[in-house]
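Make a model of the complete structure from these sequences and hints.
Next come the chains, spelled out residue by residue.
Protein chains: 6
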Amino acid sequence: MRFIENFYDGARVSDVYLVKTKNAALTKNGKEYLNVILQDRTGQVDAKVWEPNSPGISDFDVLDYVYVEGNVTVYNGSNQLSIQRLRVAKEGSYDPKNYLPVSSRPAEEMEASLSQLIKSVKNPYLSRLLNIIFMEDADFHKKFMLHSAAKSVHHGYVGGLAEHTLSVAGICDDFARRYPDLHRDLLVTAALCHDIGKVRELTAFPRNDYSDEGQLIGHIVIGYQRITEVAGSIEGFPPTLAAELGHCILAHHGELEFGSPKKPALMEAMALSFADNVDAKLETMREALDAADKNGKSTEGDGWIGFNRLIDSNMRRTSSES
Amino acid sequence: MRFIENFYDGARVSDVYLVKTKNAALTKNGKEYLNVILQDRTGQVDAKVWEPNSPGISDFDVLDYVYVEGNVTVYNGSNQLSIQRLRVAKEGSYDPKNYLPVSSRPAEEMEASLSQLIKSVKNPYLSRLLNIIFMEDADFHKKFMLHSAAKSVHHGYVGGLAEHTLSVAGICDDFARRYPDLHRDLLVTAALCHDIGKVRELTAFPRNDYSDEGQLIGHIVIGYQRITEVAGSIEGFPPTLAAELGHCILAHHGELEFGSPKKPALMEAMALSFADNVDAKLETMREALDAADKNGKSTEGDGWIGFNRLIDSNMRRTSSES
Amino acid sequence: MRFIENFYDGARVSDVYLVKTKNAALTKNGKEYLNVILQDRTGQVDAKVWEPNSPGISDFDVLDYVYVEGNVTVYNGSNQLSIQRLRVAKEGSYDPKNYLPVSSRPAEEMEASLSQLIKSVKNPYLSRLLNIIFMEDADFHKKFMLHSAAKSVHHGYVGGLAEHTLSVAGICDDFARRYPDLHRDLLVTAALCHDIGKVRELTAFPRNDYSDEGQLIGHIVIGYQRITEVAGSIEGFPPTLAAELGHCILAHHGELEFGSPKKPALMEAMALSFADNVDAKLETMREALDAADKNGKSTEGDGWIGFNRLIDSNMRRTSSES
Amino acid sequence: MRFIENFYDGARVSDVYLVKTKNAALTKNGKEYLNVILQDRTGQVDAKVWEPNSPGISDFDVLDYVYVEGNVTVYNGSNQLSIQRLRVAKEGSYDPKNYLPVSSRPAEEMEASLSQLIKSVKNPYLSRLLNIIFMEDADFHKKFMLHSAAKSVHHGYVGGLAEHTLSVAGICDDFARRYPDLHRDLLVTAALCHDIGKVRELTAFPRNDYSDEGQLIGHIVIGYQRITEVAGSIEGFPPTLAAELGHCILAHHGELEFGSPKKPALMEAMALSFADNVDAKLETMREALDAADKNGKSTEGDGWIGFNRLIDSNMRRTSSES
Amino acid sequence: MRFIENFYDGARVSDVYLVKTKNAALTKNGKEYLNVILQDRTGQVDAKVWEPNSPGISDFDVLDYVYVEGNVTVYNGSNQLSIQRLRVAKEGSYDPKNYLPVSSRPAEEMEASLSQLIKSVKNPYLSRLLNIIFMEDADFHKKFMLHSAAKSVHHGYVGGLAEHTLSVAGICDDFARRYPDLHRDLLVTAALCHDIGKVRELTAFPRNDYSDEGQLIGHIVIGYQRITEVAGSIEGFPPTLAAELGHCILAHHGELEFGSPKKPALMEAMALSFADNVDAKLETMREALDAADKNGKSTEGDGWIGFNRLIDSNMRRTSSES
Amino acid sequence: MRFIENFYDGARVSDVYLVKTKNAALTKNGKEYLNVILQDRTGQVDAKVWEPNSPGISDFDVLDYVYVEGNVTVYNGSNQLSIQRLRVAKEGSYDPKNYLPVSSRPAEEMEASLSQLIKSVKNPYLSRLLNIIFMEDADFHKKFMLHSAAKSVHHGYVGGLAEHTLSVAGICDDFARRYPDLHRDLLVTAALCHDIGKVRELTAFPRNDYSDEGQLIGHIVIGYQRITEVAGSIEGFPPTLAAELGHCILAHHGELEFGSPKKPALMEAMALSFADNVDAKLETMREALDAADKNGKSTEGDGWIGFNRLIDSNMRRTSSES
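Protein chains in written order, with the numbering used here: chain G, 20 to 341; chain S, 20 to 341; chain U, 20 to 341; chain R, 20 to 341; chain W, 20 to 341; chain Y, 20 to 341.
Worth double-checking, as some hints may not be accurate.
Copies of one chain are not kept apart here, so a pair can be met inside one copy or by any two copies together.
Said to hold, decoys possible - Derived DSBU-like pairs: lysine-lysine, alpha-carbon spacing no greater than 35 Å straight-line:
no., residue 1, residue 2
1, K67, K162
2, K41, K162
3, K300, K170
4, K313, K170
5, K138, K109
6, K138, K39
7, K141, K109
8, K109, K170
9, K39, K282
10, K141, K41
11, K50, K313
12, K282, K170
13, K141, K313
14, K138, K50
15, K300, K138
It is worth saying that the hints were derived from the structure and are not from the lab.
As structure tokens, then:
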């Protein structure tokens with residue numbers, strides 16, 4: 020297919036793209052037309068349907084995959100696609116992976132890693148809880164494996180939530196080996212569950228935006244509520260253990276001003292908040308450096324790629340001397 | 020009875036007091052004795068049981084009401100009670116109100132006020148929710164009416180939680196009259212429920228200290244969880260309404276750094292956070308000024324009673340000129 | 020008349036508008052022309068006078084109401100008006116309300132409400148002070164009723180200052196009923212006077228911008244100075260009462276970092292700072308939600324209207340379920 | 020006279036001291052006695068009048084200078100004076116300088132320096148204003164020369180306000196020489212007036228505590244009000260100049276959170292805020308180092324004298340190597 | 020020469036300019052061309068080389084001085100230069116001062132002032148250190164005299180570092196006269212050395228951007244390292260004196276959050292941090308007011324020139340009344 | 020030996036203790052005596068030498084180990100030792116481990132671990148640098164292995180610096196395995212060197228207090244200076260690598276306000292700052308929980324051991340349910 024990053028002035032387009040937004044508007048003469056943004060995994064393009072009522076234009080909606088025919092022109096320095104024909108594409112006639120950013124870690128490997136971590140938890144109550152949440156709820160399982168970990172910032176791609184979760188759980192596993200005072204089963208369980216609320220906080224790809232519940236309640240409390248509910252359904256689950264697990268979820272942002280209603284008061288909660296933070300920061304730097312490599316920012320001049328708001332610093336890739 | 024504030028050097032005591040703390044210790048000669056703190060609503064006194072194994076001293080525990088006989092002496096400038104006889108007092112042989120600070124608002128009046136506010140809510144779902152929480156759960160109802168609103172700070176007395184809740188709900192009612200855009204039923208329901216988590220966050224009087232759940236989870240999330248649970252049990256309860264009510268509870272501290280995991284995003288949540296704050300601040304000032312009147316600090320010198328950490332200012336009572 | 024929001028490419032205009040700015044400039048060929056911004060209550064438009072010295076163009080100034088004839092063209096995606104004829108409009112030939120945003124509360128109702136609140140103050144000194152400031156100074160009275168409460172943010176329209184002041188005084192009145200320790204007369208007087216300095220801090224409509232005095236001194240100190248001056252002119256005015264009223268004015272922003280040189284140290288000052296803040300925040304939300312309704316932002320998508328800097332949160336209108 | 024720092028166990032005292040506080044109390048047997056704190060410039064001592072109604076004890080008040088006879092004993096490690104005889108001392112029978120900390124700069128020198136700075140201001144309006152405030156108001160002049168610049172912190176001694184003011188004005192004079200864009204007359208006038216409100220914010224020695232007006236209004240606004248009033252009384256005083264001078268006073272703390280209702284917006288206001296701050300900080304360090312020399316803290320160990328809250332650091336005297 | 024601020028539509032250009040940036044790009048038809056930004060001391064202009072391989076276009080690089088011939092057109096409202104001929108200019112065929120902003124203080128005068136300050140330091144070790152750093156290292160000396168004090172903000176011109184350094188040293192000299200406790204030689208030495216690290220933190224003009232070392236280490240630590248190294252090379256240099264001088268360099272930003280790893284703990288360090296700050300702030304204001312005069316912002320309207328981020332306030336020039 | 024925690028009223032003492040402080044004082048009768056604090060690893064005790072000039076009392080100094088004979092009495096509720104005989108103890112007549120808190124990790128194991136980590140670094144320059152610093156400088160090596168990591172807070176015992184350093188390096192090793200973008204050799208080298216400045220910032224045990232250099236310069240810059248010096252002495256050491264290593268040291272506190280003059284701009288610097296922080300926080304919690312176990316605070320009541328300033332929260336040990 021012709022990816023959007025390869026569009027040029029005068030190109031003829033006939034391919035399937037994802038509809039990101041769609042708005043009706045009026046020309047100065049009062050004629051209706053449509054403003055559309057199309058997307059694939061290489062970028063987005065402004066498109067216009069000047070004759071929305073012509074027979075070649077079928078009905079379509081935001082987030083539909085549509086087959087379009089049209090011409091590229093350049094307007095105000097940017098590409099613009101004039102659409103002459105458009106119809107909703109049949110499932111199977113396109114590969115969704117071409118339209119969304121995807122984790123570089125293979126899905127099967129992440130499945131295996133998740134399964135292994137869950138099996139490694141020996142405490143019967145925590146083991147049961149993990150199985151109910153991740154394995155017996157097929158709908159959740161599927162969503163969890165495909166979800167993004169964030170709207171933007173870091174891990175903002177298909178599979179990002181699983182990748183981030185496994186990474187945090189792995190770091191927690193390392194911490195547990197180094198600090199024998201840490202209760203490994205509690206810590207690993209909390210790590211696996213810490214962001215499950217994001218499945219409801221953010222809508223799934225391709226929309227990937229905050230849900231109403233996400234904005235009103237937030238993934239921290241949503242996740243806490245889910246683990247409390249599941250713990251309550253398991254016979255004999257010790258209430259203190261449930262409260263400790265709940266505390267780890269609530270405190271995982273580490274500071275009140277980052278949205279945690281409690282500061283870490285248990286060693287496991289403290290360890291989890293560090294694991295979450297270190298993965299977020301290192302992945303943010305990695306993604307920013309990779310992006311700079313791609314767009315050439317890191318090779319022009321002196322290698323410094325500019326100020327990053329999350330890292331709160333300019334940064335560059337480490338030299339190859341070490 | 021002889022209240023603790025009236026103890027003096029040489030006084031003979033034979034009355035019932037509340038045991039606040041009890042610790043075994045050794046004299047320099049290695050003999051065991053007991054350090055005890057006794058309390059009534061006028062204050063506390065150090066007491067010693069020098070012969071804990073004598074026949075006159077029965078077994079007792081912290082927070083028991085005990086009948087004691089002994090003598091007051093002065094040690095290092097403070098009263099100290101030497102206990103010769105001690106036994107646990109029978110319920111009925113003392114009036115609990117003599118041992119704890121109590122709201123000045125009569126309980127019946129608060130009952131009536133609560134009942135009237137609940138009746139004023141016309142939305143059927145919210146009305147049902149309030150009835151389940153406050154009226155049909157007799158155990159909760161009783162605890163709610165007797166609970167303190169805080170460990171210290173403001174409303175720290177029997178009935179304080181109910182008094183604070185009613186005051187906040189009343190202010191919200193006023194706001195709803197002045198701002199027609201506010202949904203009154205949602206706002207008043209949120210006001211009545213905003214601190215229900217405190218019944219589990221703080222243990223009941225006379226202990227009145229943070230519970231394990233209170234420290235790990237906190238009253239904001241406990242309260243949110245309770246209203247979510249009840250809303251879920253009511254058939255047809257609109258999920259959006261449940262989320263909006265939940266948001267008001269979560270956001271009622273107004274700022275992340277005060278422990279709310281969400282900032283107010285709805286007008287009702289904003290109004291509630293102000294009502295909660297204004298009642299807390301004005302009551303803090305009122306209690307501080309009253310305490311200063313009692314201990315004479317407000318009349319000696321110029322009337323300024325000193326720096327108050329919560330108000331973050333020195334303060335004084337307004338003159339009677341206005 | 021043809022409102023600016025209805026201008027379109029090719030439209031012919033012949034109507035009265037308000038001159039917001041006017042600057043002389045040179046074309047590339049060195050010919051002088053005028054850059055003008057015209058305004059009515061629906062918006063603003065760039066306009067050019069290409070032949071400022073032609074007989075059809077009279078002399079005019081910023082903030083004049085001018086009758087213009089010209090054509091609308093589109094330049095860089097925005098409307099632009101080419102003015103061929105222009106003269107200053109005669110008073111009476113236009114209705115000023117068409118050119119400025121106006122409070123939705125009728126002026127007479129606000130007059131009545133102000134008068135009633137002033138009459139309700141029984142303390143003779145405070146009553147006298149309010150009458151001198153609001154009733155006997157006709158010039159101030161007129162300005163106060165027409166002034167905006169802010170340059171932008173909230174209550175930024177004709178009558179906004181009066182509307183905000185009355186709202187704050189009303190909330191204070193409610194507070195005084197609920198908290199008997201509050202001195203109602205002092206509190207209501209302070210509420211009515213708290214923003215009088217804005218009449219000098221902001222210039223009147225249509226300019227509505229910070230005055231030199233406003234930037235150097237600020238409305239808090241200007242208002243304080245005015246009430247001190249008036250109190251000093253009233254025989255027998257108790258100095259302590261004057262200082263207490265002054266303190267309420269100085270402390271009404273509640274925190275030093277919001278520009279109050281003193282934190283509230285009296286209960287009335289505390290209550291006033293809350294009343295001011297709650298009205299500002301709820302009105303900000305109301306105006307933002309109304310604006311979003313108007314420009315369609317609240318109906319497209321999920322109803323969330325975007326991040327608001329003053330509220331420091333995204334927000335949406337509460338659902339109609341409650 | 021025998022200074023308080025020279026009291027010892029068993030010493031016999033018969034001299035004049037200043038009464039700092041006086042409170043009636045009851046012994047355990049219910050007998051009235053007086054708790055008194057006496058002061059001279061070397062320190063304070065607890066004193067008791069066990070027989071307040073004996074013929075040798077006359078009536079006296081806080082801040083009286085009293086002649087006392089009594090014995091020193093040591094109680095809980097501190098000296099205590101048992102007073103047997105006490106009468107109010109006649110003016111002239113003692114030298115007030117022995118009872119209060121005093122500036123090390125001679126009063127005449129400060130007078131001369133003030134007078135010279137005032138004469139150096141050539142702008143007729145500013146010159147007139149300075150003369151009215153400092154020279155023609157004899158009562159203010161006397162108070163200003165004797166006042167402390169602070170309750171504690173820095174320059175907390177008789178003459179401290181004048182010493183600090185002259186120092187700040189001198190630094191401003193230096194700045195004006197180095198930065199020709201600064202208007203010297205405005206800057207020096209603002210420097211001389213910047214703390215005049217302290218004469219009303221703090222009561223005079225020996226009490227030296229915040230006045231009611233000081234707590235409610237504060238020296239910044241009090242000083243601003245005074246210069247505005249005086250400027251208003253001078254015919255032809257340019258209003259813009261008055262506002263600029265007022266702004267310098269209001270902004271002299273440099274930041275809103277330090278109690279200035281405006282941040283410096285003029286170069287002179289910026290320069291003044293630095294001059295005020297540098298004098299405060301260097302004098303704080305100097306006084307702390309001198310005090311450490313006196314009490315031996317700077318010579319024991321390594322010369323570091325401990326954490327100072329205002330400087331927000333530990334500190335030591337610079338070595339004599341440089 | 021024709022300065023860039025005098026370019027106009029249709030102008031013919033044939034002069035020498037400085038190349039600020041140079042990037043190759045493709046036209047829509049895939050033909051290579053060059054985007055170039057040219058600069059002189061009056062501003063910058065976009066330029067295009069449409070035929071980079073034509074014989075009239077020689078090879079050139081960023082920061083070369085180039086002789087160009089071409090035409091000015093207006094594109095999107097801005098001037099654009101189409102370059103037909105271009106060659107690197109020979110040194111001597113242009114005056115570098117025409118291409119860079121330059122300090123208004125003559126270089127010779129700054130040389131004399133530096134030399135005099137160094138001579139005024141009597142302590143033999145400090146004197147030796149200053150001579151090694153400033154006088155015996157000719158390469159450093161030259162760079163120091165030409166360097167900018169900042170990338171933007173204040174003193175961002177040729178000679179700015181020397182001008183700022185001399186100004187700070189002068190203020191410190193004034194402070195030493197007013198505060199006899201200050202060790203003048205240490206203070207003046209620290210002032211002269213406080214920003215020497217900037218010679219390595221910022222690359223020289225015309226690039227004037229952060230170096231790799233500047234971003235990784237920063238001028239504070241670079242400068243500290245240099246003075247430590249030099250002190251270590253001087254026989255008998257007292258280690259305590261070296262540490263004190265080092266401390267002054269490290270602490271000269273005054274606060275940890277401004278990048279100083281230590282807060283001022285010596286009086287000289289405190290004085291230096293104030294001198295640095297006062298010069299930075301007053302110069303920032305001066306430059307902003309001058310710029311506003313130039314671009315007319317200070318005369319249109321009311322003289323207020325807009326919010327300045329460093330000053331954190333709007334500002335205006337003081338009136339000429341004082 | 021009789022440890023100080025086992026002293027009791029009337030006990031007779033004849034053993035060796037460490038002298039922590041020693042001060043001469045005068046009794047009320049003007050007789051000289053000595054105030055001494057003695058220490059062993061179980062605590063400290065006040066001691067008095069009432070007859071410092073008696074033949075049984077030899078000359079001694081702070082931090083000497085002294086053999087004393089005397090009696091314990093109780094004064095103001097605390098033990099006090101009256102010393103009758105005292106002489107400096109011979110080395111070998113006591114075991115230093117009885118007088119200081121010591122790491123629970125065996126020294127040999129830490130030696131082995133350090134040696135292994137250094138060997139694991141393959142980059143020749145970094146390997147050389149580590150060998151020079153840790154292995155070839157025997158004096159430093161010995162100090163490093165015995166030093167404390169802090170004056171108080173965490174790892175405040177003999178061997179604490181080595182234990183903390185190895186722990187941080189181990190975590191960094193784990194990070195390097197999980198994040199392939201990290202340069203392991205640079206990261207591990209930085210981890211091993213990050214706190215070497217503490218050997219000079221804090222004096223060795225038993226004094227263990229801030230040195231003059233520590234207070235003026237701080238361990239971050241001291242350590243940076245040392246690695247720069249060593250790198251400079253190694254032929255061919257790449258300057259960029261030296262700057263990157265230096266940056267990691269400078270940025271290891273993560274935030275300017277924690278004393279780092281640079282924020283992490285390289286991935287290794289970011290990873291190191293997290294490793295340092297996680298070890299500090301988990302060790303702080305572990306030490307606090309252990310201390311609470313020892314003094315019984317964690318078993319009385321509900322297990323919550325009280326607010327910890329560094330953790331900024333109350334805390335408790337996790338239950339054994341998990």
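How do K138 and K109 come out at 35 Å by Cα distance, when the copy is not named: within, between, both, or neither?
neither (40 Å within a copy, 56 Å between copies)
Within a copy, between copies, both or neither: which one fits K138 and K39 at a CA-CA cutoff of 35 Å?
Intra 40 Å, inter 48 Å, cutoff 35 Å: neither.
For K141 vs K313, is the C-alpha pair at or below 35 Å within one copy, between two copies, both, or neither?
between (44 Å within a copy, 30 Å between copies)
State whether the alpha carbon distance between K67 and K162 is at most 35 Å within one copy, between copies, both, or neither.
This pair counts as within: shortest intra-copy Cα distance 33 Å, inter-copy 51 Å.
Within, between, both or neither: how does the pair K141, K109 come out at a Cα-Cα threshold of 35 Å?
neither (46 Å within a copy, 49 Å between copies)
Homomeric proximity label, K41 with K162: Cα distance no greater than 35 Å
Within. Shortest intra-copy distance 26 Å satisfies the 35 Å Cα cut-off; inter-copy 48 Å does not.
One pair to classify: K141 and K41, alpha carbons no more than 35 Å apart. Within, between, both, or neither?
neither (51 Å within a copy, 40 Å between copies)
How would you label the pair K300, K170 (within, between, both, or neither) given a Cα cut-off of 35 Å?
Both: 16 Å inside a copy, 28 Å across copies.
From the Cα coordinates, with 35 Å as the cut-off, is the pair K39 and K282 best called within, between, both, or neither?
between (39 Å within a copy, 29 Å between copies)
Within, between, both or neither: how does the pair K50, K313 come out at a Cα-Cα threshold of 35 Å?
between (41 Å within a copy, 22 Å between copies)
Tell me, please, which holds for K282 and K170 at an alpha-carbon limit of 35 Å: within, between, both or neither?
both (25 Å within a copy, 19 Å between copies)
Homo-oligomer pair classification [K170, K313; C-alpha up to 35 Å]
Both: 21 Å inside a chain and 28 Å across chains, each within 35 Å.
Violated hints, in rising order: 5, 6, 7, 10, 14; the structure is consistent with all others.
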